[in-house]
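Chemist: The primary structure of each chain is shown beneath.
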Amino acid sequence: AQSVTQLDSQVPVFEEAPVELRCNYSSSVSVYLFWYVQYPNQGLQLLLKYLSGSTLVKGINGFEAEFNKSQTSFHLRKPSVHISDTAEYFCAVSTLSGGSNYKLTFGKGTLLTVNP
Amino acid sequence: GAGVSQSPSNKVTEKGKDVELRCDPISGHTALYWYRQSLGQGLEFLIYFQGNSAPDKSGLPSDRFSAERTGGSVSTLTIQRTQQEDSAVYLCASSLLKGVAEAFFGQGTRLTVV
Numbered sequence: 132a133q134s135v136t137q138l139d140s141q142v143p144v145f146e147e148a149p150v151e152l153r154c155n156y157s158s159s160v161s162v163y164l165f166w167y168v169q170y171p172n173q174g175l176q177l178l179l180k181y182l183s184g185s186t187l188v189k190g191i192n193g194f195e196a197e198f199n200k201s202q203t204s205f206h207l208r209k210p211s212v213h214i215s216d217t218a219e220y221f222c223a224v225s226t227l228s229g230g231s232n233y234k235l236t237f238g239k240g241t242l243l244t245v246n247p
Numbered sequence: 022g023a024g025v026s027q028s029p030s031n032k033v034t035e036k037g038k039d040v041e042l043r044c045d046p047i048s049g050h051t052a053l054y055w056y057r058q059s060l061g062q063g064l065e066f067l068i069y070f071q072g073n074s075a076p077d078k079s080g081l082p083s084d085r086f087s088a089e090r091t092g093g094s095v096s097t098l099t100i101q102r103t104q105q106e107d108s109a110v111y112l113c114a115s116s117l118l119k120g121v122a123e124a125f126f127g128q129g130t131r132l133t134v135v
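Going down the list, the protein sequences come from chains A and U.
When we follow my numbering, the leftmost residue of the first sequence carries the number 132, and every step to the right adds one.
When we follow my numbering, the leftmost residue of the second sequence carries the number 22, and every step to the right adds one.
Do not take every clue at face value.
Once the Cα atoms are required to be at most 30 Å apart in a straight line, the calculated BS3-like pairs of lysine-lysine come out as [what the hints assert, rightly or not]:
| hint | chain 1 | residue 1 | chain 2 | residue 2 |
| --- | --- | --- | --- | --- |
| 1 | A | 189 | A | 200 |
| 2 | U | 36 | A | 180 |
| 3 | U | 32 | A | 180 |
| 4 | U | 78 | U | 32 |
| 5 | A | 200 | A | 239 |
| 6 | U | 32 | A | 200 |
| 7 | A | 239 | A | 189 |
| 8 | U | 36 | A | 239 |
| 9 | A | 239 | A | 180 |
| 10 | A | 200 | A | 180 |
Computed spacing ranges between beta-carbons, pair by pair [claimed, not checked]:
| hint | chain 1 | residue 1 | chain 2 | residue 2 | range |
| --- | --- | --- | --- | --- | --- |
| 11 | U | 82 | A | 176 | 48 to 58 Å |
| 12 | U | 94 | A | 138 | 29 to 39 Å |
| 13 | U | 39 | A | 184 | 11 to 21 Å |
| 14 | A | 184 | U | 135 | 44 to 54 Å |
| 15 | U | 135 | A | 186 | 46 to 56 Å |
| 16 | U | 38 | A | 202 | 32 to 42 Å |
Treat the hints as calculated values from the structure; they're not laboratory data.
In this text, a Cβ means the ideal position worked out from N, Cα and C, and glycines have one as well.
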C-alpha cells in the first residue's frame, strides 16, 4: 500500500526567504504526485502535479517541486515567499489500486506561516 | 455542475443526534472520497468510492460513521449519535478512476457538535 509522509507539520519563515516543504512517499508501483494548497477558510486546490517527463515541475504562485525517484521524494520549493503564501500544503500520491483504478493518498499536511 | 458541491456548508447539532452530509461530485467523476479535517490533525481519510467496486471503508473511525453513494453520483456521509469529537470540517473530493486521477475538492461542511 502507498503512503505519504510530510516531515514537517509546521514551517515558519520570514517574508522573502526561501522555503522547502518536504514530502516522501512509499509505493511499489509507478506514481503520480501532487501538491495541494489550502488557504485559510478555503477548500483545497491543486498547486502542481508530476505525471511524467521532466522531474522539475512548476506550479502556480511561483512554486516548484522536484520528483526524485531514487529518494522517493517530491519536495516543494519557493525561492522567495510572500505573506499571502501562508497556508496549509498537502502532498498526495496517486497509484493503482485494485486492477486499473487509481487511488489518491494524502499526507497529513504542512502549515506554512510567513511572518513579516 | 462545475465543481464539487457540499451541503450544508455549516451544521450545528446537539450531541447524540444523527447528521447527514451531502456531496455532489463533478459530473462523470467515478471516484469519490470523504476526508475529515480537524484542527491540527491534518487530512484524515474516511472512505473511498471507486466506481461500481466495493468502497474502501478503512478510514471510518467507528461504526457510527457510514456513507453511501447512490447511482454512482451523489454521496451522503451519515454520523449517528454524534459526539463532540466529531466536530470537524468534512471534505468531499471527486476524480476520474482512470489516468491521472487528480482530485477536485468541495468547500467542505463544518460540523459543530454541542
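Chemist: With reference to the structure, classify each hint as holding or not holding.
Modeler: Quick rundown of the hints versus the structure:
no.	hint	verdict
1	A:189 <-> A:200	holds (17 Å)
2	U:36 <-> A:180	violated (41 Å)
3	U:32 <-> A:180	violated (33 Å)
4	U:78 <-> U:32	holds (24 Å)
5	A:200 <-> A:239	holds (21 Å)
6	U:32 <-> A:200	violated (43 Å)
7	A:239 <-> A:189	holds (22 Å)
8	U:36 <-> A:239	holds (27 Å)
9	A:239 <-> A:180	holds (18 Å)
10	A:200 <-> A:180	holds (15 Å)
11	U:82 <-> A:176: 48 to 58 Å	violated (26 Å)
12	U:94 <-> A:138: 29 to 39 Å	holds (38 Å)
13	U:39 <-> A:184: 11 to 21 Å	violated (49 Å)
14	A:184 <-> U:135: 44 to 54 Å	holds (51 Å)
15	U:135 <-> A:186: 46 to 56 Å	holds (49 Å)
16	U:38 <-> A:202: 32 to 42 Å	violated (48 Å)
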